[in-house]
Each structure stands twice: as C-alpha cells, then as structure tokens.
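Since each chain sits alone in its own frame, please combine them into the complex, following the hints.
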Amino acid sequence: MIRRLIAGGKQFFGLHHPGRNLRVFPDDIFLVSYPKSGNTWTRFLIANLVYPEKHPDFANINELIPDPEGLTKRHLEQLPRPRYLKSHQYFDPRYQKIIHIVRDPRDVVLSEYYFDIKRRAIADDFPLEKFVSRFVRGELNHPYGTWGENTATWFYTRGNSSRLLLVTYEALQSDGPRQMEKVAEFIGVPADPDRIAFAIQQSSADRMRELEKKQGHLWSSTKQTRQDKPFVRSAKAGGWKNELSEASISEIESAWGKLMHELGYELAVTSLANAGAGRR
Amino acid sequence: MAGSGLIKHLVAGFKRSLGLHKPGKSLLILPDDIFLVSFPKSGNTWTRFLLANLRFPNEAATWANIDRLIPDPTGTAKRDFDRMPRPRIIKSHECFDPRYPRVINIVRDPRDVVVSQYHYHRKIRKIADDSPIEKFVTRFLAGETCPHGSWGQNIATWLYTSEGNPRFLLLRYEDLIADTPRELAKIATFLQLPVTPEIIAQAVERSSADRMRKLEKEQQHGLYKGSRKDMSFVRAAGAGGWRKDLPAEQAARLETAWGPLMHHLGYELTTRTPREVGEYASLGSATTTPN
Numbered sequence: 007m008i009r010r011l012i013a014g015g016k017q018f019f020g021l022h023h024p025g026r027n028l029r030v031f032p033d034d035i036f037l038v039s040y041p042k043s044g045n046t047w048t049r050f051l052i053a054n055l056v057y058p059e060k061h062p063d064f065a066n067i068n069e070l071i072p073d074p075e076g077l078t079k080r081h082l083e084q085l086p087r088p089r090y091l092k093s094h095q096y097f098d099p100r101y102q103k104i105i106h107i108v109r110d111p112r113d114v115v116l117s118e119y120y121f122d123i124k125r126r127a128i129a130d131d132f133p134l135e136k137f138v139s140r141f142v143r144g145e146l147n148h149p150y151g152t153w154g155e156n157t158a159t160w161f162y163t164r165g166n167s168s169r170l171l172l173v174t175y176e177a178l179q180s181d182g183p184r185q186m187e188k189v190a191e192f193i194g195v196p197a198d199p200d201r202i203a204f205a206i207q208q209s210s211a212d213r214m215r216e217l218e219k220k221q222g223h224l225w226s227s228t229k230q231t232r233q234d235k236p237f238v239r240s241a242k243a244g245g246w247k248n249e250l251s252e253a254s255i256s257e258i259e260s261a262w263g264k265l266m267h268e269l270g271y272e273l274a275v276t277s278l279a280n281a282g283a284g285r286r
Numbered sequence: 029m030a031g032s033g034l035i036k037h038l039v040a041g042f043k044r045s046l047g048l049h050k051p052g053k054s055l056l057i058l059p060d061d062i063f064l065v066s067f068p069k070s071g072n073t074w075t076r077f078l079l080a081n082l083r084f085p086n087e088a089a090t091w092a093n094i095d096r097l098i099p100d101p102t103g104t105a106k107r108d109f110d111r112m113p114r115p116r117i118i119k120s121h122e123c124f125d126p127r128y129p130r131v132i133n134i135v136r137d138p139r140d141v142v143v144s145q146y147h148y149h150r151k152i153r154k155i156a157d158d159s160p161i162e163k164f165v166t167r168f169l170a171g172e173t174c175p176h177g178s179w180g181q182n183i184a185t186w187l188y189t190s191e192g193n194p195r196f197l198l199l200r201y202e203d204l205i206a207d208t209p210r211e212l213a214k215i216a217t218f219l220q221l222p223v224t225p226e227i228i229a230q231a232v233e234r235s236s237a238d239r240m241r242k243l244e245k246e247q248q249h250g251l252y253k254g255s256r257k258d259m260s261f262v263r264a265a266g267a268g269g270w271r272k273d274l275p276a277e278q279a280a281r282l283e284t285a286w287g288p289l290m291h292h293l294g295y296e297l298t299t300r301t302p303r304e305v306g307e308y309a310s311l312g313s314a315t316t317t318p319n
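Chains as they are written, first to last, in the numbering used here: chain A, 7 to 286; chain B, 29 to 319.
FYI, nobody ran anything at the bench for these hints, they're computed from the structure.
Note that the structure is predicted; figures quoted are calculated from it, not measured.
Treat the hints with care, as some may be off.
[As the list claims (entries may be wrong)] The following label-pair restraints were derived from C-beta to C-beta distances:
#1 B:P175 with A:A279: 38 to 44 angstroms
#2 A:D131 with B:G52: 42 to 48 angstroms
#3 A:E272 with B:R153: 52 to 58 angstroms
#4 B:I152 with A:G76: 36 to 42 angstroms
#5 A:S167 with B:K154: 27 to 33 angstroms
#6 B:Q220 with A:A177: 43 to 49 angstroms
#7 A:A279 with B:A206: 32 to 38 angstroms
#8 A:A177 with B:R303: 30 to 36 angstroms
#9 A:S260 with B:A229: 42 to 48 angstroms
#10 B:K214 with A:D212: 35 to 41 angstroms
#11 A:L134 with B:P175: 38 to 44 angstroms
#12 A:Q102 with B:D157: 27 to 33 angstroms
#13 B:P209 with A:D130: 54 to 60 angstroms
[Unchecked claim] Calculated pairs, EDC-like style, for lysine to aspartate or glutamate (alpha carbon to alpha carbon, straight line, at most 20 angstroms):
#14 B:K53 with A:E59
#15 A:K103 with B:E172
#16 B:K272 with B:D158
#17 B:K53 with A:E75
#18 A:K103 with A:E83
#19 B:K53 with A:D98
#20 A:K235 with A:D122
#21 A:K136 with A:E252
#22 A:K103 with A:E218
#23 B:K154 with B:E172
#24 A:K220 with A:D63
Just so it is clear, CB atoms sit at the ideal spot from N, CA and C, and this is done for glycine as well.
Next comes chain B alone, as it looks inside the complex (with noise of 0.2 angstroms):
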C-alpha cells in the first residue's frame, strides 16, 4: 500500500472518525427502522418523496433534502442517519436482509423496468447512446445492469421470505400511479402514521412528476453530476410504456425469464400464456437467466 493508496485510505478514515463516511452494509439498523425497498428503476425515487412528504409535512421534499428525509445507506453520512427523528423511513435496493425490522417493497413490472433502465444508463453515460436495447435486455436478464441481483431475483428473495408477515407492504408502482391517495393512505396504515386526506392529497401534490421535473432543473446537485443534462432523470413517469417503447422480442425474453412471477403479481403476459410459463410455487429455474 503506498502512495495515493495509502492517502486514500487516511482520508477514509478520517472520514470515518467523524461520521461523514457512507455507512452501506455497515448501517446500524434499528429496531424501529422501516425500508423502502425496490430494485433500481422501480419508482423508488417517486416513493421516497411521496413518503418524505407524507412524514414530513412541514418540510416539502426536494432533491437536495431527500438524501436527509429519507436516507441512503450508500448515498446518505452516517451522522445524518444518527441525527434522524425517530422510526427512520431508510431507502434501499438490496435483495432480502432479515435485519430490515419493517419492509415496504415497491415492485414495477420488469418490461417497464428493463426500458427506464436503459434510458438512465444512456442518461449516465454508462452505456452509449445508440446502444441496442436487445444487448441491454440481455444483461438486465443476468443481473448485470446493477449490483442488486436480477429483477427475478431481486423480487423472489422478498416475495418467498414475506408471506403472511405483516411486518411486510408488497405494493405495485403502477397501482401507485392509478391511485395515489389509495395506496398511501395503505402506508400510513402501515406505519401508523397519523394522517389526514389534506396530508395525503399535499403529499401526492409536492411529489408530482412535473413538479419533480421542474426541482430537477433548479437542482442539479451531487447524485446525477457528470449525468446528460439533456435528459431529465424524471422521464415518463408512468406505466405501460413497455407496449411501445419495447420490441416484442424482447418482451418476451422478459416473459419466458420471469413469466411466473409477473403473472402472481398481476402483470399480463402478452406472448406466453401463464400455463406455458410454469406456477408460481415452481418458478425455480425461471427467476433468472435460461442457458
């Protein structure tokens, strides 16, 4: 270790004797803890300002205070995880953790996924922007487009841990979308939160895509510098774009993967039947890449 290595490694942990390190997989979870949890892509950014709003009444969520209101491990110090008020609402994407004492799990069907993905990682630069999307689906398929295990995957760990928990909210991006004050007010049940249906509706209200939209402008700030500016992170912001944004070959390579599991959670195969694709209890070798 010498050099640049080495002050990297100081500089680490200085950073650590203050608290202003990541914590990550480190993070002290507490018993009264509560996670927003979703594979990447799923909404999970709309949810954490819907849920900030709803916690926070009287502080309106914006981009450069979500990563306070509702934390990151990977995004957020760990002195502000010390310093939050109390049940902390702590986003994450990662599979099933037994730790996590209270768990809401937003999913989004995959077609819909697979498509917000590749427009972030033209928007990041991860990938070029004339990429085939036939060459992405190949890798959202095997679980390369993030560290979070495939979208398959990522759901089984959760869905086949939780059922019959009711410290566990399973709850669809796209009833989210077709019903917003329904599906809140399911959380604040949830988490017990006194509410009221003004909270609700200004909740719904300051964590509107175009009010999104317009903060993201005003806010380019630390977690998407380097991004295009010419693309906006809040892109379409609602469900079904997949029926036209994505080649039907490649929907069906989604439905043949993960047939099963789309089918259980309500999601409408269009080029296999669910009889083709398997039950659910038997999804197995279904829930990640065929050979």
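Chain A on its own, in the form it takes in the complex (with noise of 0.2 angstroms):
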C-alpha cells in the first residue's frame, strides 16, 4: 500500500521512470539494440560525435545520451531537442528515427554471461551451455523478448534508409571511420573525417577501461556490480569461436539462423536449410 502511494506520488510529480510509455517526440534519435551488443560504446561514440565540447564520460552519459528506463519522466521532458535516446526495446512504431545496432548473437551471449557474473546475476562458476539455453529460450530477466524476436522486429520493418540505419558491431569494430561517417549523414552532424576522428579515439576500449576504473562507481549500470570484473570487457568481435561449444553454437544458428545470415553472420556448424528465422 505504501509503495504503491509512493508510486502514486512520484507518478504525480513525474519523477517515475516511463520506460516504454515513454514521451516520443516527433524529432528525437533513437539508438536501439538488443542488450550487450555495443550499446554503452556506440553511446559513447555518438555523444562524442554530437556533444564533443561536453567531454562525455560515464558521469555525464546518462545525461547526453538517456536511457528512458535510467532517467525521471519530468528530467526526460526537459532535455535539449533533439533527442538522442538510448533503447533496448523491441519494435515501437513511434520510434520515426532509428539507428540500430545488431551484434552476432554468439557474441551477444558471452558478454552477457560476463556482464551477470559481474552483477552477480550468476555464479562465477555458472555453466556456460545452460547459459546459452537459457538466452535461446528468452529466459533471461529483462523484459526485452529473445535476441532473435527483437533483432527480428526491427530488421524486418526497417523500411528505407532515412527512417533506420543498420549498423553491426562487427564493422564498427573492423571500419569505424566508415560507419560512423554514415552516422554523422544519417543524423544531420557534419561527417568531417578528423571529427569522426577524435570521437573514435575518444570511445576505445582503452580509454572507456581507464575511464571506467575512475567512474565505474558512479554510473548506474555499474556501481552495484562487482568491482573486481570490468563492464568494458574484451570490446572484440569473434570471441565465441573460442568459448562457446558446439552444442551451444548449434543451439543459437538453428533458432535463429536464417536472421543471422541475412544479417551478414556466416553459420558455423548449421546449414541455412535447417535454421529458424528469428523465432524464439
């Protein structure tokens, strides 16, 4: 009763997170991606890119890029336009600008693995297979649906290429200049190389790591989670091939590999014919 009064007043005064009964506005930028598929890098990449002058850093990137789930109705309401908004959420056909981050889901999965060890969401010692199925059934706890629905969800209505850009964490990683010169055309920033440049270098592993040595007891995402496990792992492409079994490779390509495969993701141990197509 009392939690639900202090809802009620909090509600009242907007000082509720409004999570997916979000305000949308009719100009704001959506940054969407599925969870642990490079999200807090290409955050870190875009604000660097629009708002090089505020220096942006795990204090202030709550602030420069929200999440609607991270930040108070009233706080949300209140910021510069346009907005740029970090989301998790599955197709939301209000959302009118769109730049969505895909990830190969064999890496999705190990870094979420690391990520809830971290936040002791698992044990150290929590086998990894059962992992793998528990992320192929949708099982983990967030209200996000499986990676193949809410990959699926927004590749297959993404419509032309100035409503949504695709953009995978793999060429980030292999042609960033290139990717984010995209970006900077997709977004109305000007694409001037030594711009593109300095937000690049501002975003690398190496200096997020250090920056989240000295920040990381600040930043929502990480200040109740274990502090001898960093949140800016291993920042690589391809990791799985070294850490996933084949039972679990085999797991994720038959659920989901015809969406992977059209996403560029080429199948390891599956053959095309009997993958699934983004199904849970």
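Below, the structure written as structure tokens:
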C-alpha cells in the first residue's frame, strides 16, 4: 500500500521512469539495440560526435544519451531537442529515426554471461552451455524478448534508409570511420574526418576502461556490481569461436540462423536449410 | 501545471486509486492470458464477438458487455480486468510484445483493410466525407492512420517472431468468413476450450453480421459516441470488396509495398507477379513506404 502511494506520488510529479510509456517527440533519434550489443560503446561514439565539448564519460553519458528506463519522466521532457535516446526495446511504431546496432548473437550471449557474473545474477562457475540455453529460450531476466525476436522486429520493418540505419558492431570494429560517417550523415551532423577520428579515439576500449576505473562506481549500470570484474571487457568480435561449445553454437544457429544469415553472420555448424527464422 | 491541468491530473489520480482508469500499456499480464491481436479493421470486433460467445456460451455477447467479456486495455477499466475469470482473452492492436503468453493473430487482406478503415474514418469524422481514397492510401502506407504501425510493420513483427511457436495461432479473416465453424474449432483446440458443435453453431449465430447490425442499432453506446449514425460500424462484413471499391492504381501501391508479405499470406497479387515483389525472407525494405 505504501509502495503504491509512493509510486502514485512519483507519478504525479513526473519522477517515475517512463520506460515503454515514454512520450516520444517527432524529432527524437533512437539508438536501438539488444542488450550487450555494443550499445554503451555506440553511446560514447555518438556522444563524442555530437557533443565533443561536453567531454562524454560515465558520469554524464546518462544525461547526453539517456535511457528512458534510467531517467525520470520530468527530466526526459526537459532535455534539449533533438534528443538522442538509448533503447533496448523491441519494435515501437512511434520511433521515427532509428540507428539499429546489431551484434552477432554468439558474441552477445558471451557478453551477457560475463555481465551477469559481474552483477551477481549468476555465480562465477555457472555453466556457459546452460546459460546459452536460457538465452535462446528468452529466460534472461529482462523484458526485451529474445535476441531473435527483438532483432527481427526492427530488421523486418526497417523500411527506407532515411528512417532506419543498420550498423553492425562488427563493422564498427573493423571499419569505424566509414560506419561513423554513415551515422553522421544519418543524424545530420557534419561528417568531417577529424571530428569522426576524435570521436573514435575518445571512445576507444582503452580510454573507456580507464574511465570505468575512475567512474565505474558512479554509473548506474555498474555502481552496485562487482568491482573485480570490468564492464568494458574484451571489446572484440568473434570471441565465441574460442569460448562457445559446438552444442551451444548449434543451439543459437538453429534458432536464428536465417536471420543471422541475412545480417551477414556466417553460420559455423548449422546449414541454412535447418535454421530458424528469428523465432523464439 | 496550473488550473484545469491540475484538476485533470487529480481526477486521473482519483480514478487510478479506484481502478477506474484504463490500464493501456501498464496492464499487468498474467501467465495464462490469451491475446486476440490484429491490425485495426481486420475483423477484430467480429472475432471478439465470436470468442466471447465461444468462451461464455451462457451470456450472449452484445455491444454493451463486449468490453467486459473480451476486454481491451485501452477501453476497459483496470478494475474489470482484475475481476475477470481466467484465463482472460484480451483484445489488442499492438505490434509484437514478448510478454503476451498466447496469441491469436487475425490477419486480413490489406486491400480490404484500407477500404474498411477509410469508411470508418469517414464515419467517425476523422476525414471529410469526400476525402479522396488516394490520399488515405498514402497515409495508410506510411502507418499514419493509426498508432499501431503500418499494416506491413504490424504483421511483420508478429510473423517473424512466431514461426514454429505453438503458443501462436495465425488465422486469416478470409478463412473465418469462408468457414467460420472450422476456424472456430481451430481456436477452441488452441485454447483447449471444451466446446461442442452446438456451442460453435451458437457462437456463429450470435455473432452474425445481421445480429451485430441489429444490436448496433439498438445499443448506440459509449464506444462510438459522436460518430455518424447514418453509417454503420458493421459494414460489408465480407472479403474481396476491394476489387470493386479500390481503384487498381491504389491496389498496386499496396502490392508494391507489401507484396512479399501478402503473397506469403496467400493473398493473390493482381498487379505484380510474386517474382517481381521478391521473396518473403527478403521482405526488409518492402514493409514500409517506398521512398
């Protein structure tokens, strides 16, 4: 009862976190991705591209590119426009300008596994294969659907190129300047090579690790997590090749192989004919 | 926040404390809930009547009780949701939502959907009586005629997330029209409802277009308040009317935008060959407005 009253009071003053009930403005730009797909890195990249004078770091990133689930309704409505918003949501028809970051699900699951150890959701010795099964079945403790569901809802509704820009984590890794040029053009920021090079350098894994050491205790996503485990981990593509068992790779590919193939991820152990199309 | 804004806010808070508000997206979903999902104007109301009459054979569905029998999160009070017998069957026009535990998805040929929505918007005075259908088709393709995405987006979010999922039942409005008892039997099996052929026959009869039209005349209530009384909500109640009512150029625009999805659903293309519109799997750029 008291909890309900507090919630009601917060709602009255606009102090609640709106999440999916976010009020969307027509000029909002959304940075959409499934959790653990390089969203934080991309947030840094874009923040450094758009607001270089604000020196983006873990202390102000929530302010520069906020998460509707992390800021209050009142705060969100007072931000300067156009707003750049981070989101893990599945398809939302109100989003009109979207940068969709996609990452190979075989790496996403590894990243999620280590993050769940860091935030004490699972023990250090939790079997990775068991974790992969949970991941594929959508049994992780978040409301964003499975990787296949979430990604399919954006990918198969993407429409014309002025509405949604698809950027893979892997392309950002291997070909950052060109991908950032596309991002700059998409959001209407000058695509000047110096500015882009600066944004990439300011968001490098080394620099983010350094910032995390100094500010990890300040940032909402890491402050109550284990400090002996880093948030910025390998920051590389393809770690799954060494760490996932063949059974785990097969489990992921048979669930989402068709969608993975269309996104350009080569299947390692499953033939396309036996692969699923973005289903649970 | 001053004056009438504050009063409105206070009234909303008071309603909320009594559970009289509509829960909308904040609806608390229960693990045995069943969602009846469709894009607007795809036979959702008819299917609601059919399902209400199937699920509650002792209480004939009418316009007055339908919001209680098969509630709508944006039209039924939270209090009524909390009091419903379980499992609840809930109406929704939303795009894919991973929280929905079981889904019956009704799809309808978009060429008929656009005609139906066009007439409905004239009825509720959203557009002028003589507003050209070309203009409406443009907005329909862009997903601007309702808050649930375009037809292609809405359908794609469900189809691409449900392949092989036993908790998802896809039905076509056209099949429901062609053989209602057969399709209702599928629904009953999906829901594990113990029904007899008599209950199915009764549900069909109690949800017939004639009965729904008659009830509509007698029960001009809340939902359609302020809309034109000279046009009925239950309109043609048929399939394929677009062949007569939709100019060929307009049908062609829909087929260009959503051809692969339409072909996949078994809707015959009249202005393009399936080869021309591309494969269903490479749907992608075809799900929304072409540039």
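Which of the listed hints are not met by the structure? 10, 14, 22
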